[in-house]
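Asker: With the sequences and hints as input, model every part of the structure.
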Amino acid sequence: MKPHSAFADRRRANLLGPNLRDFLPACESHSRRAFLQTAAGGLGGLALTALLATESQGALPRAARAKRVIQIFCPGGMSQIDTFDYKPALLKRAGKPFDPEGKLQFFASKPGNCQPSHWKFRQHGKSGLWMSDLFPRLATCVDDMAFVYSMRSKSALHGPGCFMMNTGFTLPGFPSMGSWVTYGLGSEADDLPAFVVLPDPRGLPPGGIINWGAGFLPAEHQATTLDTANPQQPIADLFPPAEFAGRTPQVDRDQLQFLQQLNRMHQESRQTNSELEARIKAYEMAARLQLSAPEVTDVSRESEGIRKLYDVDHPETGPFGLQCLRARRLVQRGVRFVQIYCGAENTTAKKIRPNWDSHEDVVRDHGYWGAVLDSGASALLKDLKQQGMLDDTLVICTTEFGRQPGAQGAEGKGRDHNAGGFTAWLAGGGIRGGVGYGATDELGFKAVESPTYCYDLHATALHLLGIDHTQLTYYHNGIQRRLTDVHGHVISEILA
Amino acid sequence: MSNAGANRASRPPRVTEFICLSFGWLTALCCSTTAADETVDFGKQIAPIFQQHCMRCHSPGNSKGEISLATIDDLKSNEYIVVGDADKSHLIELVTSRDGKPPAMPQKAQALSTEQVGLLRQWIEQGAKWPSDVVVQETSKADASWWALQPLSVPVRVAEAASSYASLDDFILGKLAEKGLALSPIADRRTLIRRLSFDLLGLPPVPQEVEAFVTDSDPAAYAKLVDRMLDSPHYGERFARHWLDLAHYADTHGFERDMRRDNAWRYRDYVIHALNQDKPYDRFLQEQIAGDVLWPEDPHAVIATGFLAAGPWDFVGQVETKSDELRRSARSLDLDDMATQVMTSTMATTIHCCRCHDHKLDPISQQEYYQLRAVFAGSKRGDRVISDAAVKQAEETRAEWTAKLQSIDLEIGKLEGAGLDLADMVGGGNGSGGGIYRQGIDARTGAVQTRDLGALDNVLTNTLVRTKSEFIDGVFIPDGENGKAVITVSTTGVMVTGLPKTSSAAWDVIRNGPVASQHSPELGGIDFTKDGHRLLGLHANAGITFDLAAVRLASHQTEMRFTAKLGYFGASGGNHADAWVFLDGKRIAEYTQLTREKGLQDINLELPVDARFLTLISTDGGNGYGHDQVGFGDPKLKPAVPVTLSDEDGLRLTSLRQERATVKERLSSISPSQNFYGVLGEKNVPPVQLLVRGDSESPAGEPLAPAALTSLKMLDPSLGGVDTSEGERRAALARWITHPENPLTPRVIVNRLWHWHFGQGIVNTPSDFGYGGDRPSHPELLDWLAHQLKEQGWSLKSVHRMILNSKTYQQQSQYDKGAGSVGVDADNRWLWRQNPRRLEAEAIRDAVLQVSGKLNSERGGPGFQDFTYEEAYAPIYRTITADEPALWRRSIYRYIVRTTPDRFMTTFDCPDPANLTAKRLNTTTPLQSLALYNNDFMLRQSRHFAQRIESEVGAIAVEQVNRAFQISLGRLPSHQEQRLSVSFVEQQGLFALCRSLLNSNEFVYVD
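Those sequence lines, one after another, are chains A and B.
Positions 1 to 496 (the working numbering) are the ones given, in order, by the first sequence.
Positions 10001 to 11007 (the working numbering) are the ones given, in order, by the second sequence.
If you are wondering where the hints come from, they were derived from the structure by calculation, not from laboratory data.
Do not rely on the hints blindly, as some may be mistaken.
[What the hints assert, rightly or not] DSS-like mimics (lysine-lysine), calculated; alpha carbons at most 27 Å apart, straight line:
no., chain 1, residue 1, chain 2, residue 2
1, B, Lys10322, A, Lys351
2, B, Lys10664, B, Lys10404
3, A, Lys92, A, Lys413
4, B, Lys10322, A, Lys446
5, B, Lys10175, B, Lys10807
6, B, Lys10565, B, Lys10638
7, B, Lys10713, A, Lys413
8, B, Lys10586, B, Lys10565
9, A, Lys413, A, Lys446
10, B, Lys10129, A, Lys154
11, B, Lys10468, B, Lys10664
12, B, Lys10322, B, Lys10414
13, B, Lys10175, A, Lys154
14, B, Lys10322, A, Lys110
15, B, Lys10664, B, Lys10392
16, B, Lys10322, A, Lys103
17, B, Lys10044, B, Lys10088
18, B, Lys10713, B, Lys10790
19, B, Lys10797, B, Lys10919
20, B, Lys10598, B, Lys10638
21, A, Lys382, A, Lys110
22, B, Lys10044, B, Lys10175
23, B, Lys10638, B, Lys10414
24, A, Lys96, B, Lys10322
Answerer: Pasting the structure below:
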């Protein structure tokens, strides 16, 4: 880490406005529309649409109920048994062998005894839906949430499972939902990326940044990762490293002006190559990003009440709360798709697992991560509602797969992977609150009523954004690819 | 067509038969009315109707249509058909028009003809006979008559043309004339050399080359330049990148635990080498698919099979998990990756669509897909020895040079009086540095061990065993039995006694370095694995006896002292152990209750000239042997009196040191491992069955024999039987793909070459020659080029030459807004000009390095790693700024990490190696501007660029400007540019100019 004084220096430098952004002409007073018209001039079919969009109201289909999406991803495999999927029958069978015949073999173990939820379940809200005591705050939002109790995955492995939930395919290399959405809709913001990811401060999820990659879609649709640990440089290369930073704003302004002069001279004999024009514009757009990106990650100007709501100063739950708050700020400024990670990869596991992958001790690990999710996610829902944004902001919370109702480990404190059943929840953006959809069997082992893969979740999200999931396609290696592959049904039961 | 039909009739009926029926033929059949008394032939008359009009929705697995017409079951059970009664059959009702309304079925399509409905009625009346072995399937859009599946056509013009080069342009000119277009003028030489240089080498031309070419009066200067560049070793480095995009090569496995694949680079080097050598393309493919089988003695051919293994591999799914179901699923996807890679890259055939169902567009059945997969069913990815001969040879060479190094070290050691290293002896050396780090000796057997062991089984205490080292007399595992045991510690029968009781257990081996799972190599502030420190790892309980007589004989060092820093390297927290030193059976030092907290104990013991056996022992202190990682740091036998050097010895020492450096270099050039990452064959090939809907838990039908595609009628698809060996299957596929009659293989590669030279292919989907892909813009040219390739002995360079020497290639790319051609062909499909292109990520990076003068042109070998690596369950790779010569190599030599792609490269559209990439995308984004403008690497290189210019032309601004333009853009600035730039340099400095030039459009775009 840099010493604090360096931080302060950079900050001062930024207030003066170094680098590209000083190049901006009197563009601040420019109306956005006029600016975009200039930007789009002569671009042909090229490029800038996603990161810096056309007027989005026009781009957004009329049928859209949601304008933007915030997705919370809980990697590692959140236990449906201990959270949302109430199974009284499991309580009755507690301590009895889950698989008396010994036929089953899970990812890492053979099942032990039936293990009911480690937390007590209660009914909440007007809807009376069940939620465990792991989520006391989220429980107060239950009437805004719709639960899909019958989720399934095609893989019980973290990497493929995460890929599937994010891209619809268990293999790496396919575009993530955020990439598809921005490919389909572009952005509302003209000075921020269309698709932003806020990884867990502890590190990347299983499978790494491929989880939000653009796959075979053009690179402009890949997510921009916000490095919130580095408020001065939240986006990579946003500013030059300190040793190269311009001495004064004038220096930066002159330098970029010179570059653009060179480019204009080069362009004179190549008027017909629209890509050259696009590149010149891209430098101007980059300058705008230098203004907007530090602003959006800086929550210091949020009210004390808001900071309390997200509990941003709490040593354990605060960092995720901050990410949730930043997600709200991002969508407020027109970012189309934000993904927040609640957990990292199984790296050097210390006392508590760095994600939800509770093989040894559900109480310890889910206990920790439950508090984290409970605090941040509930604050996000309440805040969005207060700000009147929940109606057109779709919030999705998923994990890559669930966990087993039978216990794992010598002491039976853990749970193994379960691709057969888990819960996802959605809220806002055209979702009917207080409803449940589908069901697992009486022990919570397998989804039996309306089994649902990520395809349906994706189809539903696209539907709410006004997109028919069968129409959003991109040709790649012989196939018109879709987010939903050849599957997908809109889950109309959870729509408002 | 009728011919194909006849062929089919002679074979037994099969599911796939129907797929290939052509529409024309169908209509003819269906319209032929059948007299009421004639029996309707289901296969010929009814099945085609279902196939053409119904199967799209009414097939198994398609929920849209609710019922399936694949077999008669659904039709009968729902009274769609009432046998013998057409009027009661619901099916007839559905397809018949009523009250002037169109029939209910088929939906959104043309109704069945009256004749067709008549046939259906007749068939039902006659008993609705449906042979039980016939399953009706949806037809693909294209059948075996698809253009790409036809034999190469032989254009007449080949024979007529005076020279082959002229005829390439003829094809283009012909089409242009048809459209009323013409070629653009030839570009100027400065443009041509820059275009060629980036195209063929991936680097900008250096100013001298540019000037030499521009002023060359030889009319053949251009053709000579093409030849020169094709001969450059950079050519292979450039074109290997294209091929590796298809192989989706990387240096890690990918997926959750993205582990290293440190021997993968050999395949990358193979590709570079093969392209530079202009290895015949058919042979190039054969080697990559089955080189290990076809030419097992040729290391290049064996390494080539790294192609099959180049894609991602899921360790957790295939190895780590205990669930067989998960393993089957992961393996299924793995096989899909291998089969897809081979068929897509070589034949632009998109077989992967058939994992779940018959191909909807191309004539490939699901069964054929699984038969192709059967080719690889016994092939698994993994590290593999190139060849036993190569290993043997490398080992012999290494042994020879190691011996030389040892004798030099011994002499140096003697002259310097540095002493002899006991840890080195444990590692197999003579005490002067020849030992292998972390090699050790098993205290149970005396055997050499490089692998990490844990808790040892079959321990026999107090039993001395001999070792391979002449300096180590023996090793043993002690148990003092409370002082009672008499333990033999030398082969001559020297005994020790008085040692305490131990647990009689032992861990790992006696090592040159830390033992297995050692808590830390650090103690007392010294890391004994670094800075020349050494460690003799002696985990309790273990003993080792050195033969001082043998040491004296070899080293001529007679009077010696034993020095070391002894310590407990295990974790703190109540753990402790004891250590003992004996000389000829006499205890000369003991260190009891050693703990981490106690730090290092200095040992300095005199060894009389007649002493022979030095014995070191560790015992567990009576509380179990856990954590008891006893170690002797820097264990030395030092000369008793310090040495003073004579002049003669001084000179000798200098020359020895020089010699040592040479020998060391030679040694390090012998690769540490003779492994490559490729495929390993299984002796018994697991049976392959068709997987219903691609689900690895739903196998169906008989085990399938390996086979290729039947749609290429000129080839025999058989690749063996279910008993054919793993290797023979691959060899058969390699022969089928490169068969002289196979039209797709040569078409696909010449089209790829075309694509790489023009930025667009004759077929603009280079990896899809099927129905879903593009149609050739110049089909005759495509076939002509394919012919040329074969006639030139599959030489890729000969095709490059034809393309590059054509007028079409040499055209300029610039054109005016008002050009007439724009209205006719704005997309330049007919090539009335060359296409300007932005450099790919790798070319940008390499060009920056060349311009800054920092490009390290070292070729081949393990990739450079511009990241730090942290071992973990899922290893952590953290990118660092490439700021040292080792990291300034060409991008092709980058160590590619799948889960942590280099952000700079990805921003410039460098593809994810999870996918086969036939065609790089080319985007323009603000993030690219930020990367070029602010990235640490770019700024540092800009600074190097500025320093280079200063050192070349000094401090005069105008000369700096001229030189900067020449180096980066291959030309001098215009007057206007010069004036502007000089004033810019005077105000902002040379660095700012360099940064701007590397950001300029002209730098990243080639005309």
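Asker: Each hint needs a verdict: does it hold in this structure or not?
Answerer: Structure-based check of each hint:
Of the pairs offered as hints, the one joining lysine 10322(B) and lysine 351(A) holds, with about 25 Å between alpha carbons and a cut-off of 27 Å not exceeded. For the given pair, lysine 10664(B) sits about 10 Å from lysine 10404(B) by alpha-carbon distance, which is consistent with the 27 Å threshold. A threshold of 27 Å between alpha carbons decides the hint, and for lysine 92(A) with lysine 413(A) the separation of about 18 Å falls inside it, so the pair holds. For a cut-off of 27 Å, the pair hint linking lysine 10322(B) to lysine 446(A) stands: about 20 Å separates their Cα positions.
Proximity of lysine 10175(B) to lysine 10807(B) is assessed by CA-CA distance (about 15 Å); at most 27 Å being required, the pair is judged to hold. Straight-line distance between C-alpha atoms of lysine 10565(B) and lysine 10638(B) comes to about 14 Å, which keeps the hinted pair within the 27 Å bound. A threshold of 27 Å between alpha carbons decides the hint, and for lysine 10713(B) with lysine 413(A) the separation of about 62 Å lies outside it, so the pair is violated. About 21 Å separates the Cα atoms of lysine 10586(B) and lysine 10565(B), which keeps this hinted pair within 27 Å; it holds.
At roughly 21 Å between alpha-carbon atoms, lysine 413(A) and lysine 446(A) fall within 27 Å of each other, so this suggested pair holds. Our distance criterion of 27 Å between C-alpha atoms is broken by lysine 10129(B) and lysine 154(A), whose separation comes to about 40 Å. For the hint linking lysine 10468(B) to lysine 10664(B), the alpha-carbon distance of about 24 Å falls within 27 Å, and the restraint holds. The suggested pairing of lysine 10322(B) with lysine 10414(B) is violated, with an alpha-carbon distance near 57 Å, which exceeds 27 Å.
Between lysine 10175(B) and lysine 154(A), the direct Cα distance comes to roughly 51 Å. Violation of the 27 Å bound is thereby established for this hinted pair. For the given pair, lysine 10322(B) sits about 9 Å from lysine 110(A) by alpha-carbon distance, which is consistent with the 27 Å threshold. Proposed proximity of lysine 10664(B) and lysine 10392(B) is supported: the alpha carbons are some 20 Å apart, at most 27 Å. Among the hinted pairs, lysine 10322(B) with lysine 103(A) is consistent with the structure: their alpha-carbon atoms are about 13 Å apart, no more than 27 Å.
For the hint linking lysine 10044(B) to lysine 10088(B), the alpha-carbon distance of about 24 Å falls within 27 Å, and the restraint holds. Proposed proximity of lysine 10713(B) and lysine 10790(B) is supported: the alpha carbons are some 20 Å apart, at most 27 Å. This hinted pair checks out: lysine 10797(B) and lysine 10919(B) have alpha carbons roughly 21 Å apart, not beyond 27 Å. Our distance criterion of 27 Å between C-alpha atoms is met by lysine 10598(B) and lysine 10638(B), whose separation comes to about 25 Å.
Using a Cα cut-off of 27 Å, the hinted pair lysine 382(A) and lysine 110(A) is violated, with the two alpha carbons roughly 41 Å apart. As the CA atoms of lysine 10044(B) and lysine 10175(B) are separated by approximately 42 Å, the hinted pair breaks the 27 Å bound. As the CA atoms of lysine 10638(B) and lysine 10414(B) are separated by approximately 10 Å, the hinted pair is consistent with the 27 Å bound. A hinted pair counts as satisfied when its Cα atoms are at most 27 Å apart, and lysine 96(A) with lysine 10322(B) qualifies at roughly 23 Å.
The structure fails hints 7, 10, 12, 13, 21 and 22 (numbered hints given earlier, in ascending order).
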